[in-house]
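Visitor: Line order of the protein sequences matches chains A and B.
Residue numbering for the first sequence follows this note's numbering, beginning at 0 and increasing consecutively.
Residue numbering for the second sequence follows this note's numbering, beginning at 0 and increasing consecutively.
Derived by calculation from the structure, the hints in this document are not laboratory data.
One should not assume that every hint holds.
Claimed, not checked - Under the rule of at most 27 Å between Cα atoms (straight-line distance), these lysine-lysine pairs were calculated in the DSS-like manner:
id	chain 1	residue 1	chain 2	residue 2
1	A	Lys8	B	Lys8
2	A	Lys8	B	Lys74
3	B	Lys74	A	Lys74
4	B	Lys106	B	Lys67
5	B	Lys106	B	Lys74
6	A	Lys74	B	Lys67
7	A	Lys106	A	Lys67
8	A	Lys106	A	Lys74
9	B	Lys106	B	Lys8
10	B	Lys74	A	Lys67
11	A	Lys8	A	Lys106
The lines below spell out each chain.
Protein chains: 2
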Amino acid sequence: MAAFELDPKLAADTAEIERWDLCCVLLMNDANYPWLILVPARVGLRDFHDLAAADLPVMTAEIVRASKTLEALFKPIKLNVAALGNQVPQLHIHVIARRSDDPAWPKPVWGAVPAEAYDDAARAARIAQLREAFARF
Amino acid sequence: MAAFELDPKLAADTAEIERWDLCCVLLMNDANYPWLILVPARVGLRDFHDLAAADLPVMTAEIVRASKTLEALFKPIKLNVAALGNQVPQLHIHVIARRSDDPAWPKPVWGAVPAEAYDDAARAARIAQLREAFARF
Numbered sequence: 000m001a002a003f004e005l006d007p008k009l010a011a012d013t014a015e016i017e018r019w020d021l022c023c024v025l026l027m028n029d030a031n032y033p034w035l036i037l038v039p040a041r042v043g044l045r046d047f048h049d050l051a052a053a054d055l056p057v058m059t060a061e062i063v064r065a066s067k068t069l070e071a072l073f074k075p076i077k078l079n080v081a082a083l084g085n086q087v088p089q090l091h092i093h094v095i096a097r098r099s100d101d102p103a104w105p106k107p108v109w110g111a112v113p114a115e116a117y118d119d120a121a122r123a124a125r126i127a128q129l130r131e132a133f134a135r136f
Numbered sequence: 000m001a002a003f004e005l006d007p008k009l010a011a012d013t014a015e016i017e018r019w020d021l022c023c024v025l026l027m028n029d030a031n032y033p034w035l036i037l038v039p040a041r042v043g044l045r046d047f048h049d050l051a052a053a054d055l056p057v058m059t060a061e062i063v064r065a066s067k068t069l070e071a072l073f074k075p076i077k078l079n080v081a082a083l084g085n086q087v088p089q090l091h092i093h094v095i096a097r098r099s100d101d102p103a104w105p106k107p108v109w110g111a112v113p114a115e116a117y118d119d120a121a122r123a124a125r126i127a128q129l130r131e132a133f134a135r136f
């Protein structure tokens, strides 16, 4: 059986924060928004409904955990939760904290403005902040 | 306790197909894409993680049911599943069957091209087709 491998484009666009029971938890390299990507570490998934029945409640719990963490840290006006995958077919779930003064609001973030890469120090600080907060949810 | 009411903008943009255990199942009035919207019939929800713990597995099952139905009917290249709510804060989940020849592909559908309203006969036929298919999932 093939081992799970993160899609190369997802790997290039993100930094790994940590691994949960089901998902790789990634930070999107775009400082415009607090933006997590959850990737179930399972081979061959494309769509949400491809998840095994036993994985669905874990997926849901991990979406809720990511959402509550972003809410606590960033006080967003709205959380966006989405499995799109038009560009990268490997199943991945975006969890994005939106603010009314972010550069895409109220439009969806995808394609709205060019990504603003974190510098090394800012990325490390954001990852540390998220790890500390995840421990509370 | 207030009764659940569908957001007026959601009501204006959709037609009700049926009611499931948790959600109102709506057809988006845009013939560009097979596009369902699931609205949990609960008062005061904004984000996915606002769902009560007991409702989460029902929500997940209803997303899977909607997805499998669209997959069986339309053989999409990808299902898009998303809770955004930047325009309408009431929690609602989009389930959209994407084709590589649809007018937005591979971009997200929101704002890509103007909605193409169904005429009455086409809308009635689409609703009948979906009801028949839902019965099998």
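Visitor: It remains to establish, for every hint, whether it holds in the given structure.
Guide: Hints, one by one, checked against the model:
Using a Cα cut-off of 27 Å, the hinted pair A/Lys8 and B/Lys8 is violated, with the two alpha carbons roughly 37 Å apart. For the suggested pair A/Lys8 and B/Lys74, the alpha carbons sit about 25 Å apart, so the restraint of at most 27 Å is met. Distance restraint check for B/Lys74 and A/Lys74: the Cα-Cα separation of roughly 39 Å exceeds the 27 Å cut-off, and the hinted pair is therefore not satisfied. For the given pair, B/Lys106 sits about 22 Å from B/Lys67 by alpha-carbon distance, which is consistent with the 27 Å threshold.
Between B/Lys106 and B/Lys74 the CA atoms are separated by roughly 18 Å; this keeps the pair inside 27 Å, and the hint holds. Distance check on the hinted pair: A/Lys74 and B/Lys67 sit about 35 Å apart at the alpha-carbon level, beyond 27 Å; violated. Proposed proximity of A/Lys106 and A/Lys67 is supported: the alpha carbons are some 22 Å apart, at most 27 Å. At roughly 18 Å between alpha-carbon atoms, A/Lys106 and A/Lys74 fall within 27 Å of each other, so this suggested pair holds.
Pair hint B/Lys106 plus B/Lys8 holds up; C-alpha atoms about 24 Å apart against a cutoff of 27 Å. The straight-line distance between the Cα atoms of B/Lys74 and A/Lys67 is roughly 35 Å, outside the 27 Å bound, and the hint therefore fails. Pair hint A/Lys8 plus A/Lys106 holds up; C-alpha atoms about 24 Å apart against a cutoff of 27 Å.
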